[in-house]
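K.L.:
Chains P and B supply the protein sequences, listed in that same order.
So the number in our numbering is just where the residue sits in the first sequence, counting from 1, plus 119.
So the number in our numbering is just where the residue sits in the second sequence, counting from 1, plus 325.
Since the hints were made in silico from the structure, they are not lab data.
We treat Cβ as the ideally placed atom computed from N, Cα and C, and that holds for glycine.
Any given hint might turn out to be false.
Unchecked claim - Covered, in the sense of this in silico footprint (three residues per stretch, anywhere, with C-beta under 8 Å from a C-beta of chain P), are these stretches of chain B: (1) 420 to 429; (2) 483 to 492; (3) 520 to 533; (4) 736 to 748.
What the hints assert, rightly or not - Computed beta-carbon distance windows for the label pairs: (5) Arg495/B with Met994/P: 16 to 22 Å; (6) Thr672/P with Lys543/B: 50 to 56 Å; (7) Leu744/P with Gly532/B: 26 to 32 Å; (8) Ser759/P with Gly532/B: 51 to 57 Å; (9) Lys543/B with Val180/P: 29 to 35 Å.
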Amino acid sequence: MNDSTHLNELNQRVSAAKAEVEGRGETFYPGASRIHLASFPPRERWNDWVELDSKSWPEKVEKRYMLVPTTCFNCESACGLLAYVDRETLQVRKFEGNPEHPGSRGRNCAKGPATLNQITDPDRILYPLKRSGRRGEGKWEQISWDEALDEIAGRIRTAMQEERHEEVVYHVGRPGEDGYTERMLAAWGVDGHNSHTNVCSSGARSGYHWWMGMDRPSPDYSNAKVILLVSSHLETGHYFNPHAQRIMEGKKNGAKLIVFDTRLSNTATHADHWLSPYPGSEALIFLAIANWMIREGKYDREFVRRWWNWQEYMEVVNDEPGASFENFEEHLREIYSEFTFEYASTESGIDATTLLEVAKVVSTAGTRFATHNWRSAGSGNLGGWQVARTLTLLNALLGALATEGGTFPNSWNKFTPRPPRLPHQHPKGWNEVTWPREYPLSLMEMSFLMPHLMKDQDAHLDVYFTRVYNPVWTNPDGFSWIEMLSDEERIGLHVAMTPTWNETAYFADYILPMGHASERHDLTSYEQYNGQWIAFRQPVLRAARERLDEEITDTRQVNPGEVWEENEFWIDLTWRIDPDGSLGIREFFESKKVPGEKMTIDEYYSWIFDNSVPGLPEASAAEGLTPLEYMRRYGAFEISNKVGRVHEQSVPDNELEDVRVDEMGRVYSRAPIPPSPKAPGGTKIDDDEDGRRRVGIRVDGEILKGWPTPTGKLEFWSRTLHDWGWPELAIPTYIKSHIHPENLEDDQVPLITTFRVPVQIHTRSANSKWLDEIAHTNPLWIHPIDADRMGISKTGDLVRVETELGYFVLKSWITEGIRPGVAACSHHMGRWKPEGHKGQRLGISTVALNQEGSEWSLTPRKGGEPFASSDPDTMRIWWTDLGVHQNLTHAVHPDPISGMHCWHQAVRICPAKEGDQAGDVSVDTGKSQAAYEKWLAMTRSADRYSPDGTRRPYWMLRPVRPERDAYRLPLETEPAEV
Amino acid sequence: MPTTQVPTATREPLWAKVIDHTRCIGCHACTTACKSENEVPLSVTRTYVKYVDTGIFPQARRSFQVTRCNQCDDAPCVEACPTTAMFRRADGIVDFDKSICVGCKACIAACPYDAIFINPEDKSAEKCNFCAHRLDVGLEPACVIVCPTEAILVGDMNDPLSAVSGIINREAVAVRRPEKETRPKLYYKGADQATLDPLAARRPDGGIFMWSEQGDVKHQVPSGHSGPSNSSAAALLSYDIPHRAPWDWRVSLYTFTKSISSGAYLVPLLLGLSGMITWTNPVWTLLGPIVAMIFLMFTGALLVWDLDHPERFWMVLTRPQWRSWLVRGGFIITAYGGILALHLGAVIGGRPEIPQSLAWLGGPLAAMTAIYTAYLFAQAKARDLWQSPLLPPHLLVQALLAGSASLILLNPIELGVGAIWTLQASLAVHLMLALGEVSMPHPTAHAALAARNMTKGAYAAFYWGGIVLTASALLLMSANVTIGALAGLVGLFLHEHAYVQAGQSVPLA
């Protein structure tokens, strides 16, 4: 058979082109090119798809694949992936996108295809390891899972039996799943959830939370008229690829793009209006825009009148109960009048004309104003939470919340299904290390203060899990983390659950290898557009072999080595903690079908898909599949599209029973909570005195669902902030950053430390050769004017950057892409392993780590270089510079309200000194205590400021919410004094 | 009767792509998707995204260029390939067949876009082929499906209704280096001249880009402009990959050994024709041809050694692609070698009168052996320095120089004064032509930079060493012929190396 005959014959069998596919009655996936070519093979053929081998080309060699969907784990976006499992070798040949995924729609960023590198990483951890030397010494022995499980479970069991529940902490970086682990911790009765959020997004979340009672934005970019982004959402956003698609879609539909980014990012490049403000001045610019809009009457009066809690504000703050809306408007004009463009211009360095121009663009958006702040300014500055709060002020003025083209709250565009055997109990205790009373309003756990809080409280953790979390590297003040982790008096047992080596795992007692994106089960849903979807991560080889009728009962059977997954691990561990059920924990992990047996993963997810995902059972039945089979085959399901204005929806009659409406229009009802397929969560609004539940809010005579805030309205003014000691910050306003020029010495400049590059993901991607080849170092960005002033003659010259704790040394990148007077250094890079340690070679420097008292230093000994491994590509590594680990030199900067670590640093920059080499780090952890105390002094502790003797406002969001009693402060504390 | 029908695609498709830089966010998804789809090793790439930062704060921006094969309608790589390993399909895709690639790198030398590389695993040339293996079964290329912002489109230029045709025909698009007359089928929408022109942006100091190293690889061609760039606007290269030149010192040396081989036959022949030596002079009968033969064998050995698939060298002769000057040169050299063998065979076999008749063929073949490299270099369409109409005569002069100098070194007595005159004349002409590179302006920025690299940059030592030795040779000839000849030869080699390497030293992407 010659080539063309072969091709014709092949195309008759398998062509993915439109006419052929539709002729066979199969699904045609149109691609970007909008021609007869498909973007993906028809889904009817995913079980046995024939492709031509690219390497043998032009010889037409057929390869047969099973296409198995899963979910990417290289950032929070949870984009769909399709694993091409070779039917001959039963190995993954490549990952493409999953066209059935509503968020990512078949597309990926660079990190999606690079998942292949991670699963074939020659240095990956394949077996459970136990330390054989001193902690941190780098000596490991391979052990069995049973051994690890038994010891860990035994210690947890003892802690529980001895009522030391608070000594068990699970510290998670990227969760990559919804609800599974929180359910488990609730079942354990342990207030041990600890997240990374306060080094990530708490600032912005806090700002959203105070307005809406929901803590994340979900901008409807595609339908926007004006898009305003704080930071680089196009190429490094939190929901990078799904959002980039839609931002560009909106832009192509005519939306104007406004970007706030001090650094020239790829996003800034695409902006119609790029503003590079002095860091920390962002909120002030928004206030100036708001002021102008208010004065010019360019806001949606009806929306403000109906949905802001202006009555409460007028009553409490102005002592004008029953004030008219016009009174409020007058007042509004007054309170924002100080925020002029001139003032904003002075603080931001952007001229007033430009600000006015941008204000005019914003005011044209109407309700199609899509805005987003995630990290960036919200995470950089003291008071950064006001960036999201003032940004939302603009949305709230325009009525552009939960509108087409506007910004939705996350919860309305997300769907976390209810799991089986949902525990009803709440932890009885309160973990003071994660939720210290000094930070009663922190949005999430004060995770990054752990070394300091543990010392202050003389606390001890018996079992400490880190999972996809690398605090030694990621958190500020990493040497203090090493000191804490090395101290067996503080941390009894440290279990690092990770797919790859990391700086924290070096200081663990156990390293438990967990699967990458294609080696584990998880369920996710994220707010990426005006709709709701779920996506199913699965071990693709397990799904593939099950398709071949093999019975797989444990994910380890298909994973490389003995790599496992958390889902099954937690079930097994829980059974070992409570083997006889006497602790009352085991039951939550017991099969419903076969009592007395462990719940299997299939049963867990089957139950969810059968019972908690509206529309999925019907969609599956239409294909003759069970819901679990459907999800294993297609990987994702869209529950709804175009959610709309939930707050404007009427409360259904069946929820209105013995209704009471209070003076603020809040509607309470005795009707029981109707069954919901969604997992419970969110804010917890108090019942009325008679135990009625709040079901809505009366607006203009109608009973509407409103917002999950204490008032049921959008909280322009927060009674909580007011009552808990922060009356001056209860409305959206401006807080001068810790790196405000007033707070800097003459020779200091602010350093932006947070920016991401599009091809790396924190410390999880150094094991990806394709990504490392593109980006592997992190020079210091400085403007030519500054370089000249600092005596740095050319790009590449070594500089020393001095922080509060010490200094680091790196190369310089002199660029017009940054505001003069500001420096920036990306993170991701500067990964290391101590000399003599086992670990990963790709993307990781070998360093000498020295400690003399509180003086620490890190000196690179070996950078990137070729090495022999099972992958011939590692001999082709051509880059040597792996950057610098700057976070080690950062002191902790907890925002006294949001609890967010305020990342920006005040630094001194000078040419490197004699003996300095790139990558050097020097730190005195003695100084970190002083910095911690300086910031602690800014707090208003619950001890002194709590209005009701509790540790934290009960209504606020909180993972694994403890029992209400646990919120009470111990009696010895002083009464509130506000 | 007039028709209301809109024309539709009736012919075989003509595949083209549009890269829409009004949508590209520089995320590199195409880069890794391609690595994955085509199993491309580290250190080489079929596609990547170049970044150039332009402007002055706060009016600054970053421009991207998705950089890859242009699927030229007149593809220089296809023309240069000796074995049809690079070939144009009827649907316009420039595809490749690794099983017949000899690894000569002529395609790489020819490609004005630096889109081709030798795969370190299989040692064969490869590049983007629009994922032909996917197109042929009805699938879009890997980079198209992965792109988050739908910035890469593929389509049929013969189908007026395809999106790609719409953009190419109706919108402001650009191609890279149209002056190379390759008629690319990769169109850029919204691209910036600062990225399209490989010399528009300045190379950053210090060996780094914004988040990567510039690299220090074998035979690297540093990216960006080393001096003041072509653009008067501030433009700084902020991301690029390490690029490599195709031909190393072996090719420099091959031009030199070939000159000796050619000249060692030509010089005695010319002396004989002019009556300055007799046809029985051993320089004509034996010495010249033997030197020619030995250096021809060296030349052949160097050529084979330079192949990444030396074991396939015979394919150049057995599956010739006749437009390739490597093929033509291969046959010229082979024929020349044949004549030399006959010449020597006849002399050794006692028929010394035959060589004189063979010279009717041998003369032109020796000259062509010297000259064809000019055409081979000219076929390296990317290399402006080599696109010189003076190169054929210059190579001929070099052959006379090398031939006369070699023979002088071997046999000064029987050669007579003619050889010295030849050497002196060729040294003088060579010196004049070589100095032309400094004294004459070059027509393109590329050629100018190459000349600058040769005369002031990385190859200045070789170039000026060559010039000084050549000039010294001229002066020394009257004092000591041997030393003069030796200086001339070394000077020539130095010049060749400078010329061959500098010609490849200009970034193309």
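K.L.:
Taking the Cβ atom of Lys543/B and the Cβ atom of Val180/P, is their distance within the range 29 to 35 Å?
P.N.:
holds, 32 Å
K.L.:
Okay, Thr672/P versus Lys543/B on CB: inside 50 to 56 Å?
P.N.:
Given a distance of about 52 Å, which is inside 50 to 56 Å, the answer is holds.
K.L.:
May I ask you to test the hint 26 to 32 Å on the CB atoms belonging to Leu744/P and Gly532/B?
P.N.:
The hint (26 to 32 Å, Cβ to Cβ) is violated, given that Leu744/P and Gly532/B are roughly 56 Å apart.
K.L.:
Is the coverage entry for the stretch 483 to 492 of chain B by chain P consistent with the three-residue Cβ rule at 8 Å?
P.N.:
Per the Cβ count (4), the hint holds.
K.L.:
Assuming the hint says 51 to 57 Å, is it satisfied by the Cβ distance from Ser759/P to Gly532/B or not?
P.N.:
53 Å Cβ-Cβ, so the 51 to 57 Å window holds.
K.L.:
Quick check: do three or more residues in the stretch 520 to 533 of chain B have a beta carbon closer than 8 Å to a beta carbon of chain P?
P.N.:
holds (count 5)
K.L.:
How does the Cβ-Cβ distance of Arg495/B and Met994/P compare with 16 to 22 Å: does it lie in that range?
P.N.:
violated, 49 Å
K.L.:
Establish whether the coverage given for the stretch 420 to 429 of chain B by chain P is satisfied; the threshold is a Cβ-Cβ distance below 8 Å, and no fewer than three residues must meet it.
P.N.:
holds (count 4)
K.L.:
Do three or more residues from the stretch 736 to 748 of chain B put their C-beta atoms closer than 8 Å to C-beta atoms of chain P?
P.N.:
Since 0 is below three, the answer is violated.
Consistency with the previously given hints fails for numbers 4, 5, 7, ordered from lowest to highest.
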